[in-house]
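Asker: Below, each chain spelled out in residue letters.
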Amino acid sequence: MIYKKDILEAERHGKQVRSIYVYEAPVRLWHWINAACMVVLAVTGYFIGKPLPTVPGEAAENFLMGYIRFAHFAAAYIFAVGLLGRVYWAIVGNHHAKQIFKLPITNGQWWSEVFFELRWYLFLEKTPKKYVGHNPMAQLMMFFFFTVLAVGMVFTGFALYSEGAGVGSWQDSLFGWVIPALGGSMQVHSLHRLGMWIMMTFVLVHVYAAIREDIMSRQSLISTMVSGWRMFKD
Amino acid sequence: MTETFYEVLRRQGITRRSFLKFCSLTATSLGLGSAAAPRIAHALENKPRTPVIWLHGLECTCCSESFIRSAHPLTKDVVLSMLSLDYDDTLMAAAGHQAEAIIEEVKKKYKGNYIVAVEGNPPLNEDGMFCIHGGRPFVEVLKETCADAKAIISWGACASYGCVQAAKPNPTRATPVHKVISGKPIINVPGCPPIAEVMTGVVTYMLTFDRIPELDRQGRPKMFYGQRIHDKCYRRGHFDAGQFAEAWDDEGSRKGYCLYKMGCKGPTTYNACSSMRWNGGVSWPVQSGHGCIGCSEEGFWDKGSFYDRVTSITPFGAESNADTIGKAAAGTVGAAIAAHAAVTALARARQKTGESTTEKQGEN
Numbered sequence: 001m002i003y004k005k006d007i008l009e010a011e012r013h014g015k016q017v018r019s020i021y022v023y024e025a026p027v028r029l030w031h032w033i034n035a036a037c038m039v040v041l042a043v044t045g046y047f048i049g050k051p052l053p054t055v056p057g058e059a060a061e062n063f064l065m066g067y068i069r070f071a072h073f074a075a076a077y078i079f080a081v082g083l084l085g086r087v088y089w090a091i092v093g094n095h096h097a098k099q100i101f102k103l104p105i106t107n108g109q110w111w112s113e114v115f116f117e118l119r120w121y122l123f124l125e126k127t128p129k130k131y132v133g134h135n136p137m138a139q140l141m142m143f144f145f146f147t148v149l150a151v152g153m154v155f156t157g158f159a160l161y162s163e164g165a166g167v168g169s170w171q172d173s174l175f176g177w178v179i180p181a182l183g184g185s186m187q188v189h190s191l192h193r194l195g196m197w198i199m200m201t202f203v204l205v206h207v208y209a210a211i212r213e214d215i216m217s218r219q220s221l222i223s224t225m226v227s228g229w230r231m232f233k234d
Numbered sequence: 001m002t003e004t005f006y007e008v009l010r011r012q013g014i015t016r017r018s019f020l021k022f023c024s025l026t027a028t029s030l031g032l033g034s035a036a037a038p039r040i041a042h043a044l045e046n047k048p049r050t051p052v053i054w055l056h057g058l059e060c061t062c063c064s065e066s067f068i069r070s071a072h073p074l075t076k077d078v079v080l081s082m083l084s085l086d087y088d089d090t091l092m093a094a095a096g097h098q099a100e101a102i103i104e105e106v107k108k109k110y111k112g113n114y115i116v117a118v119e120g121n122p123p124l125n126e127d128g129m130f131c132i133h134g135g136r137p138f139v140e141v142l143k144e145t146c147a148d149a150k151a152i153i154s155w156g157a158c159a160s161y162g163c164v165q166a167a168k169p170n171p172t173r174a175t176p177v178h179k180v181i182s183g184k185p186i187i188n189v190p191g192c193p194p195i196a197e198v199m200t201g202v203v204t205y206m207l208t209f210d211r212i213p214e215l216d217r218q219g220r221p222k223m224f225y226g227q228r229i230h231d232k233c234y235r236r237g238h239f240d241a242g243q244f245a246e247a248w249d250d251e252g253s254r255k256g257y258c259l260y261k262m263g264c265k266g267p268t269t270y271n272a273c274s275s276m277r278w279n280g281g282v283s284w285p286v287q288s289g290h291g292c293i294g295c296s297e298e299g300f301w302d303k304g305s306f307y308d309r310v311t312s313i314t315p316f317g318a319e320s321n322a323d324t325i326g327k328a329a330a331g332t333v334g335a336a337i338a339a340h341a342a343v344t345a346l347a348r349a350r351q352k353t354g355e356s357t358t359e360k361q362g363e364n
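Chains as they are written, first to last, in the working numbering: chain A, 1 to 234; chain B, 1 to 364.
Hint data in this document are derived by calculation from the structure and do not stem from the laboratory. Beta carbons are placed, not taken as given, at the ideal position from N, Cα and C, and that holds for glycine. Among the hints, a few may not be true.
[Claimed, not checked] Think about it this way: if two alpha-carbon atoms lie no more than 25 angstroms apart in a straight line, the pair counts; the simulated PhoX-like pairs of lysine-lysine are: (1) K352(B) to K130(A); (2) K126(A) to K352(B); (3) K111(B) to K143(B); (4) K50(A) to K143(B); (5) K352(B) to K129(A); (6) K109(B) to K184(B).
[To be verified] A few chain A residues facing chain B, derived, Cβ under 10 angstroms: (7) W111; (8) G183; (9) H189; (10) L194; (11) M196; (12) M200.
Go ahead and model the full structure; you've got the sequences and the hints to work with.
Answerer: Have a look at this one:
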């Protein structure tokens, strides 16, 4: 979708706006549901490790920790199912939907663009390049700090959940092996929490880069994740 | 012909009534239900006793101390009647060459049909010289003795995981039994020490049913290590409610609130303490007001403080916990973003000025 006033604004400066449909509806929907899940997961997860101050009254009348854990587990299920849905869409969706799942590491051109982007972020390049999907640098970040990390969080998360679900539960059958593999329950808790911090740090970078590029580069970013259309400003 | 368990029990003056009571109690403590009691009785009446060789490696004897305090069944019964404990250098009267000869004898006479119970572990550095058994490195004795065994029981955190002597930097290279012995069924019974009734329960199960109990991924008997302390903790209600002791002398502590914030490792520890308790069911750590330290978990000495829930991890040598690392990373990146944004704004402002100048020149 191109806003009329943007076109008029662009035309007034003698520039033209063209747009390409990048993010299909399922990808956009997933992005925002996923973002919401991550907020809930990080906040509740923080308070599971470091609980809120003691609540007064009888134990039977309170269920604070229970509700916090419920919210964490519910959001985790949505996050995991969303991730599965997103993998499915990477298979059936357009080629932009595949971007965060694979890196063209054998492509020399792609690598040179990664370094171009690095120089751009280090203020060594004056004019940014245009990209329809993620820029190569962003793709690299997304792959490691979202896709790989999210899979790691799902595996460690379900492994921890299996401890409560019990021996023989499907969570235990599928993910229970993670606990001895990583050196015990306490270690998995610590790594899962460290994963949360890395994910939140990535969110900081992600949001900043999106806002900055939206302003600085020659294409739209934030509105693209709402409308699906990438608009080029010149 | 070796005597059966029942014959030995009767010879010791135990009545049939007491014997059957013991069978029911054992069936119950193993979680097998009342139908198993006659089967246990039948097995004990007909089976010859299985000889057990109890070896001591690098350890503190807390496992033996725990074992001899078993109440159900009484260790007296286990040692003197049920189990033919042919060799245990801590408990037996014989010593020296005479004692060592017993190992050889059992190995020959009961080839492939005896159980080796190992307390402690073999250190491997310096050719095993850090633990000498009868003039030889313990690791050699262990390997030889296990060679013809039917099964091996690894008593305690030492034999199962390495425990304190294997804590970083593990100077003697103390190594758990299952990493030294292969090709034999090995039952890990971790804990520092394990609960007495868990130890006698495992032995009783193996002797009565002539097979090893069902094990989990880490080789622990599922019946005792299938759930966490937290899952059966009587203070769990306070955890779910969000009621915690926040200091050792606060109101919450006095009211018996959850010890999670005081670093209790119950949620990450698999053991039967919260259901079986200790010292014949008298009490257990959480009941006495101190959190679980996770002694039956692998490497519990190296998992940070006993009094923190978010404990330190040492991935790069430097010791810090997930929150410290996370906050530092998020803080650094946040500051970097702020600086980057400032530079961007400056650069853009400069560029704008430049652009407007050129635009104006263009208009002219």
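Asker: Confirm or reject each hint.
Answerer: Status of each hint after checking the structure:
1. Between K352(B) and K130(A) the CA atoms are separated by roughly 20 angstroms; this keeps the pair inside 25 angstroms, and the hint holds.
2. Note on K126(A) and K352(B): the hinted pairing holds, with a Cα-Cα distance of about 12 angstroms set against a maximum of 25 angstroms.
3. Straight-line distance between C-alpha atoms of K111(B) and K143(B) comes to about 14 angstroms, which keeps the hinted pair within the 25 angstroms bound.
4. Note on K50(A) and K143(B): the hinted pairing is violated, with a Cα-Cα distance of about 46 angstroms set against a maximum of 25 angstroms.
5. Only pairs whose Cα atoms come within 25 angstroms are accepted, and K352(B) paired with K129(A) is accepted, the gap being roughly 18 angstroms.
6. Between K109(B) and K184(B) the CA atoms are separated by roughly 19 angstroms; this keeps the pair inside 25 angstroms, and the hint holds.
7. For W111(A), the interface hint is violated, the least distance from its beta-carbon to any beta-carbon of chain B being 23 angstroms, above 10 angstroms.
8. Because the smallest distance between the Cβ of G183(A) and any Cβ of chain B comes to about 6 angstroms, under 10 angstroms, the interface hint for this residue holds.
9. Hint status for H189(A): holds, given a least beta-carbon distance of 6 angstroms to chain B, under 10 angstroms.
10. Hint status for L194(A) relative to chain B: holds, with the closest Cβ pair at about 4 angstroms, below 10 angstroms.
11. Interface restraint check for M196(A): the shortest CB-CB distance to chain B comes to about 7 angstroms, inside 10 angstroms, so the restraint holds.
12. For the restraint placing M200(A) at the interface with chain B, the shortest Cβ-Cβ distance is roughly 6 angstroms, inside the 10 angstroms limit, so the hint holds.
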